[in-house]
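Chemist: Here is what each chain is made of, one letter per residue.
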Amino acid sequence: MLSATEEPGPARPVRAAIGQSLTLAWRSVSRLRTVPEETVGFVLQPLIYVTLFVFLMGEAMAGDWRTYRDFALPGIAVQMVVLSTLGTGLSLNTDLEKGLFDRFRTLPIARTAPLLGAVLGDLVRYGLSLAVMAAVGAAIGFRPAGGVLGVAAAGALILLFAFSLCWIWTLLGLKARTPSGVQTLATLFLFPLAFGSSVLVATEDMPGWVRAWAAANPVTWATDAVRALLSGAPAGREVAGTLLWSALILTVFLPLAARAYRRRVR
Amino acid sequence: MWTAVRMPSAGDRGRFAIEAEDLVKRFGGATALDGVSLAAPEGSVLCLLGPNGAGKTTVVRTLTTLLPPDAGRASVAGHDVVREAGRVRGAIGVTGQFTAVDDMMTGTQNLVLVARLNGFSRQAARNRAAELLDLLRLSEAAGRLVRTYSGGMRRRLDLAACLVRRPRVLFLDEPTTGLDPRSRGELWSLVLDVVAQGTTVLLTTQYLEEADRLADDVVVLDRGRVVVTGPPRRLKQRVGGRRVEFHPPDRSRAEAVARAAAALTGRPAEAEGDVVRMSLEDAAAFPDLARQLIDGGLTAGEISLGYPSLDEVFLALTGGRNPAGAFPEGATRAVRD
Numbered sequence: 001m002l003s004a005t006e007e008p009g010p011a012r013p014v015r016a017a018i019g020q021s022l023t024l025a026w027r028s029v030s031r032l033r034t035v036p037e038e039t040v041g042f043v044l045q046p047l048i049y050v051t052l053f054v055f056l057m058g059e060a061m062a063g064d065w066r067t068y069r070d071f072a073l074p075g076i077a078v079q080m081v082v083l084s085t086l087g088t089g090l091s092l093n094t095d096l097e098k099g100l101f102d103r104f105r106t107l108p109i110a111r112t113a114p115l116l117g118a119v120l121g122d123l124v125r126y127g128l129s130l131a132v133m134a135a136v137g138a139a140i141g142f143r144p145a146g147g148v149l150g151v152a153a154a155g156a157l158i159l160l161f162a163f164s165l166c167w168i169w170t171l172l173g174l175k176a177r178t179p180s181g182v183q184t185l186a187t188l189f190l191f192p193l194a195f196g197s198s199v200l201v202a203t204e205d206m207p208g209w210v211r212a213w214a215a216a217n218p219v220t221w222a223t224d225a226v227r228a229l230l231s232g233a234p235a236g237r238e239v240a241g242t243l244l245w246s247a248l249i250l251t252v253f254l255p256l257a258a259r260a261y262r263r264r265v266r
Numbered sequence: 001m002w003t004a005v006r007m008p009s010a011g012d013r014g015r016f017a018i019e020a021e022d023l024v025k026r027f028g029g030a031t032a033l034d035g036v037s038l039a040a041p042e043g044s045v046l047c048l049l050g051p052n053g054a055g056k057t058t059v060v061r062t063l064t065t066l067l068p069p070d071a072g073r074a075s076v077a078g079h080d081v082v083r084e085a086g087r088v089r090g091a092i093g094v095t096g097q098f099t100a101v102d103d104m105m106t107g108t109q110n111l112v113l114v115a116r117l118n119g120f121s122r123q124a125a126r127n128r129a130a131e132l133l134d135l136l137r138l139s140e141a142a143g144r145l146v147r148t149y150s151g152g153m154r155r156r157l158d159l160a161a162c163l164v165r166r167p168r169v170l171f172l173d174e175p176t177t178g179l180d181p182r183s184r185g186e187l188w189s190l191v192l193d194v195v196a197q198g199t200t201v202l203l204t205t206q207y208l209e210e211a212d213r214l215a216d217d218v219v220v221l222d223r224g225r226v227v228v229t230g231p232p233r234r235l236k237q238r239v240g241g242r243r244v245e246f247h248p249p250d251r252s253r254a255e256a257v258a259r260a261a262a263a264l265t266g267r268p269a270e271a272e273g274d275v276v277r278m279s280l281e282d283a284a285a286f287p288d289l290a291r292q293l294i295d296g297g298l299t300a301g302e303i304s305l306g307y308p309s310l311d312e313v314f315l316a317l318t319g320g321r322n323p324a325g326a327f328p329e330g331a332t333r334a335v336r337d
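Just so you know, the protein sequences line up as chains W and X, in that order. The opening position of the first sequence corresponds to residue 1 in our numbering, with each subsequent residue numbered one higher. The opening position of the second sequence corresponds to residue 1 in our numbering, with each subsequent residue numbered one higher.
Honestly, the hints are just simulated from the structure, not real lab data. For each residue, glycine too, the CB sits at the ideal point set by N, CA and C. Heads up, some of the hints might be wrong.
[Unchecked claim] Computed footprint of chain W on chain X, listed as stretches where at least three residues anywhere in the stretch have a Cβ under 8 Å from a Cβ of chain W: (1) 96–104; (2) 114–128.
[Said to hold, decoys possible] Derived CB-CB ranges, DEER-like: (3) W/Gln183 - X/Gly185: 39 to 45 Å; (4) W/Leu44 - X/Ala196: 52 to 58 Å; (5) X/Glu21 - W/Arg15: 34 to 40 Å; (6) X/Gly178 - W/Thr51: 44 to 50 Å; (7) X/Gly35 - W/Arg264: 24 to 30 Å; (8) X/Asp216 - W/Leu44: 56 to 62 Å; (9) X/Asp22 - W/Ala215: 56 to 62 Å; (10) X/Glu21 - W/Leu44: 54 to 60 Å.
[Unchecked claim] Over the 12 Å line for every Cβ pair with chain W, so calculated as not near, a few chain X residues: (11) Glu21; (12) Asp34; (13) Asn52; (14) Leu135; (15) Asp180; (16) Pro231; (17) Arg267.
Please build the complete structure, drawing on both the sequences and the hints.
Modeler: See below:
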């Protein structure tokens, strides 16, 4: 007979899977300590975004950087995280090349735990970036009418949206042969997604066909929702739209990524 | 250190820890495995020997549930690798050709991660990590990023990760490729320690010396087929004959001794530097030959009788097809009984 130590056979597999995912997320988060250059990047990123978009472009876009700050900051937060989600696909692809995932796949753990763990770990980093962004915003005089609750709700919504987007890049990371392949392919999606939106300019100012794209773009929905939450305005429609988009992306890409993961043979 | 490892109970003995029947695997048009069958009894070391591209890694990936076979069946630790993949994963440890450790984590963090994934509590994971680091003499490097480790240290850490849960069956895919001779020797003794505690080991190698040193049974693979199976000793017998080797006291006499030996036995003898080698059909002819050589001035300790080396076996079995570079210099020479 097999002894108990060899066949852990968790009584509650879902709970075990969550625990395994969190352990693997810890791996991703532990890099914040052991790879300081990545950490510095995540912390400085918000500073660069704010400087670039608020101070450099603010006067030109709105005549007054303070006005533009209040308009653009919510969108910049969304955009920063959206662009960062690409990193999930890149690091996944690198891990696959190194054979680390083969180890995970031969451990008696839930099949999806390594993927879920990587994504959850990245969410912690995005959360860190968002916290720094909020601090930078406060430092340059951004006072959202939505208050602390509005900020917290906005942050949570951004992370949820990012969680769904991560699965697109996870799929790419599993399908592409090299990290640079991931980057090239992802940029094709990312730029129209991140910039063809209401992040930097109001959609009303765009020419017809661009406006049609921007209005449908999930990033626009997320940006508008975050704007509404931060300003304390009624946000129901925008938040619902963002949640719907997130659910849609998850429904399509989570199973695809899980399937690609099962089939991936190094 | 190894006292805690579970010995196979009486009921396990005599069973096969690894069994494969007619495994077939195709990649596109290429057939990687063309009906591979093998078996390893509990607590034994099975060595898959073959050149690059013979299918060794594909066998390992199939047996470790990473790759479903196209045909055939296999079981590991009594569980089917396809239908009971989860149970197989609960009983095995695997190190691939590429060390599966995270460069950007410390040695300790790597082992704690694997232990936690294996269901260890935080404290138990830390204890087990420390225990294994100590066992594999990595304690001093425990807090350093794996990025700074040498090749030998990475292999040891990789092996430690496999031992976290004390596997019943351990798979080592070319565990010593790229290691210097000292690290290789260290890894061998670690493997023998693990086996001594009842773990079954399947290892692949291109090094004949490795197979000779570690294996209870050798499976020679070539182009996805099993060429021959058996204990190293029997494989060598199969090629036939015995090998005699003698070292004349001074180099200049090697040619003369070779000629004398050839005259005595009627078989060719070759002088190579200060060593003379020849083969005998029958070991019974050896005492006579030895006595005459000693009478002629050689001392007894300089004459030895042995089996052909595994590389001779391999060459004979694969029809002389010795793939370039498959058997590095040094490995081919080292096998001597």
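Chemist: How does the Cβ-Cβ distance of leucine 44 of chain W and alanine 196 of chain X compare with 52 to 58 Å: does it lie in that range?
Modeler: holds (54 Å)
Chemist: Can you tell me if the region 114–128 of chain X counts as covered by chain W, using C-beta to C-beta distances under 8 Å and a minimum of three residues?
Modeler: holds (count 5)
Chemist: Does the claim that aspartate 34 of chain X lies off the interface hold, with its Cβ farther than 12 Å from every Cβ of chain W?
Modeler: holds (19 Å)
Chemist: So does glutamine 183 of chain W sit 39 to 45 Å from glycine 185 of chain X, Cβ to Cβ?
Modeler: For glycine 185 of chain X against glutamine 183 of chain W, whose Cβ atoms are near 43 Å apart, the range 39 to 45 Å holds.
Chemist: Verify that the Cβ of aspartate 180 of chain X lies farther than 12 Å from every Cβ atom of chain W, and report whether the claim holds or is violated.
Modeler: holds (22 Å)
Chemist: Is the nearest Cβ of chain W still more than 12 Å from the Cβ of arginine 267 of chain X?
Modeler: holds (50 Å)
Chemist: Glutamate 21 of chain X clear of chain W by more than 12 Å, beta carbon to beta carbon?
Modeler: With a cut-off of 12 Å, glutamate 21 of chain X remains clear of chain W, as the shortest Cβ separation is near 22 Å.
Chemist: Is it true that the C-beta distance of glycine 35 of chain X to arginine 264 of chain W lies inside 24 to 30 Å, as the hint says?
Modeler: holds (26 Å)
Chemist: Run the C-beta distances from proline 231 of chain X to all of chain W and say if the shortest one exceeds 12 Å.
Modeler: holds (28 Å)
Chemist: Range hint 34 to 40 Å: satisfied by the CB atoms of glutamate 21 of chain X and arginine 15 of chain W?
Modeler: holds (37 Å)
Chemist: Do the beta carbons of glutamate 21 of chain X and leucine 44 of chain W sit within 54 to 60 Å of each other?
Modeler: holds (59 Å)
Chemist: Taking the closest pair, is the beta carbon of asparagine 52 of chain X still more than 12 Å from chain W?
Modeler: At roughly 16 Å from the nearest Cβ of chain W, asparagine 52 of chain X sits farther out than 12 Å, so the non-interface label holds.
Comparing the model with each earlier hint shows no violations; every hint is respected.
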